[in-house]
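Asks: So the chains spell out like this:
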Amino acid sequence: SAVISQKPSRDICQRGTSLTIQCQVDSQVTMMFWYRQQPGQSLTLIATANQGSEATYESGFVIDKFPISRPNLTFSTLTVSNMSPEDSSIYLCSVGYRGSGNTIYFGEGSWLTVV
Amino acid sequence: DAKTTQPPSMDCAEGRAANLPCNHSTISGNEYVYWYRQIHSQGPQYIIHGLKNNETNEMASLIITEDRKSSTLILPHATLRDTAVYYCIVRVRGDSSYKLIFGSGTRLLVRP
Numbered sequence: 001s002a003v004i005s006q007k008p009s010r011d012i013c014q015r016g017t018s019l020t021i022q023c024q025v026d027s028q029v030t031m032m033f034w035y036r037q038q039p040g041q042s043l044t045l046i047a048t049a050n051q052g053s054e055a056t057y058e059s060g061f062v063i064d065k066f067p068i069s070r071p072n073l074t075f076s077t078l079t080v081s082n083m084s085p086e087d088s089s090i091y092l093c094s095v096g097y098r099g100s101g102n103t104i105y106f107g108e109g110s111w112l113t114v115v
Numbered sequence: 001d002a003k004t005t006q007p008p009s010m011d012c013a014e015g016r017a018a019n020l021p022c023n024h025s026t027i028s029g030n031e032y033v034y035w036y037r038q039i040h041s042q043g044p045q046y047i048i049h050g051l052k053n054n055e056t057n058e059m060a061s062l063i064i065t066e067d068r069k070s071s072t073l074i075l076p077h078a079t080l081r082d083t084a085v086y087y088c089i090v091r092v093r094g095d096s097s098y099k100l101i102f103g104s105g106t107r108l109l110v111r112p
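These protein sequence lines are chains G and P, in that order.
Read in order, the letters of the first sequence correspond to residues 1 to 115 in our numbering.
Read in order, the letters of the second sequence correspond to residues 1 to 112 in our numbering.
To be clear, the hints were calculated from the coordinates, so they are not data collected in a lab.
Be a bit skeptical, because a hint or two may be false.
Counterexamples of contact, computed for chain G against chain P with all Cβ distances above 12 Å [what the hints assert, rightly or not]:
#, residue
1, Lys7
2, Thr17
3, Ser18
4, Val62
5, Phe66
6, Ser69
7, Pro71
8, Glu86
Covered stretches of chain G (in silico footprint by chain P; criterion: 3 or more residues with CB under 8 Å from a CB of chain P, positions within the stretch not fixed) [what the hints assert, rightly or not]:
#, stretch
9, 72 to 82
10, 102 to 113
Given the structure is predicted, the values throughout are model-derived calculations rather than measurements.
Built from N, CA and C at the ideal position, the CB exists for glycine as well.
All chains, full assembly: derive it from the sequences and hints.
Replies: Shown next, in the form of structure tokens:
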């Protein structure tokens with residue numbers, strides 16, 4: 001399985017600011033995804049991070065609010081822009097390889113609190 | 001996209017088998033059933049997946065009915081560390097990616 005590192009692991013942010021979350025994988029992966037988990041809720045897929053092209057967003061999520069970069073096969077960033085308290089969530093990076101059953105692996109998440 | 005239905009919560013005694021059911025009556029022929037769990041404050045952990053045959057690994061067994069409309073995850077000897085939310089997911093194939101769409105899951109409590 002992949003070793004997935006997310007930074008920051010936890011942060012408290014002011015309303016109206018933006019925060020960029022980094023996801024680093026220890027090996028090249030085919031697929032990278034970003035999820036959000038609001039308090040007490042299940043995981044919601046934000047977008048698929050595509051290497052060298054614009055991310056593919058799920059319904060209800062837009063690039064202006066959650067810009068995503070994926071410059072190579074081991075790294076991606078998610079920015080949460082113009083934050084409000086409703087953005088307080090865990091943001092999780094997940095990765096997968098073609099083959100090996102196409103299993104998806106998750107990082108430990110970035111806990112974000114907006115005050 | 002196939003959706004899954006799971007009981008919101010279950011409990012079992014430590015050392016006994018935990019059997020977690022999942023209904024996925026609209027699953028299509030090329031969709032896999034995946035199981036993940038999330039222990040409090042951690043990222044989801046992959047457990048097992050299958051297409052139509054029963055599967056077993058070091059963590060659990062997955063039993064899929066012949067019509068593929070339901071499945072059961074079996075933890076053969078549950079421990080307190082197995083207390084977690086368990087997610088049954090039918091993997092969606094879209095474009096060139098393989099997305100996982102999470103439902104509400106089953107909160108399993110293993111009792112001493």
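Asks: Could you check that no beta carbon of chain P comes within 12 Å of the beta carbon of phenylalanine 66 of chain G?
Replies: holds (16 Å)
Asks: Does the claim that serine 18 of chain G lies outside the interface with chain P hold up, using a Cβ gap greater than 12 Å?
Replies: The claim stands: serine 18 of chain G keeps its Cβ more than 12 Å from every Cβ of chain P (closest is about 23 Å).
Asks: Take a quick look at valine 62 of chain G and tell me if its Cβ sits farther than 12 Å from every Cβ on chain P, holds or violated.
Replies: holds (18 Å)
Asks: Confirm or reject: serine 69 of chain G is not an interface residue toward chain P, with every Cβ-Cβ distance exceeding 12 Å.
Replies: The assertion about serine 69 of chain G holds, with a minimum of 17 Å to chain P.
Asks: Okay, the stretch 102 to 113 of chain G and chain P, do three or more residues pass the C-beta test at under 8 Å?
Replies: holds (count 8)
Asks: According to a criterion of three or more residues whose C-beta lies within less than 8 Å of a C-beta of chain P, is the stretch 72 to 82 of chain G covered?
Replies: violated (count 0)
Asks: Quick check for students: does the CB of glutamate 86 of chain G sit more than 12 Å from each CB in chain P?
Replies: Answer for glutamate 86 of chain G: holds, closest chain P Cβ roughly 19 Å.
Asks: Over 12 Å from every CB of chain P: does threonine 17 of chain G meet that, or does the non-interface label fail?
Replies: Answer for threonine 17 of chain G: holds, closest chain P Cβ roughly 24 Å.
Asks: Non-interface claim for lysine 7 of chain G: all C-beta distances to chain P beyond 12 Å?
Replies: holds (14 Å)
Asks: Is the nearest CB of chain P more than 12 Å from the CB of proline 71 of chain G?
Replies: holds (18 Å)
When the structure is compared with the earlier hints, a violation turns up for hint 9 alone.
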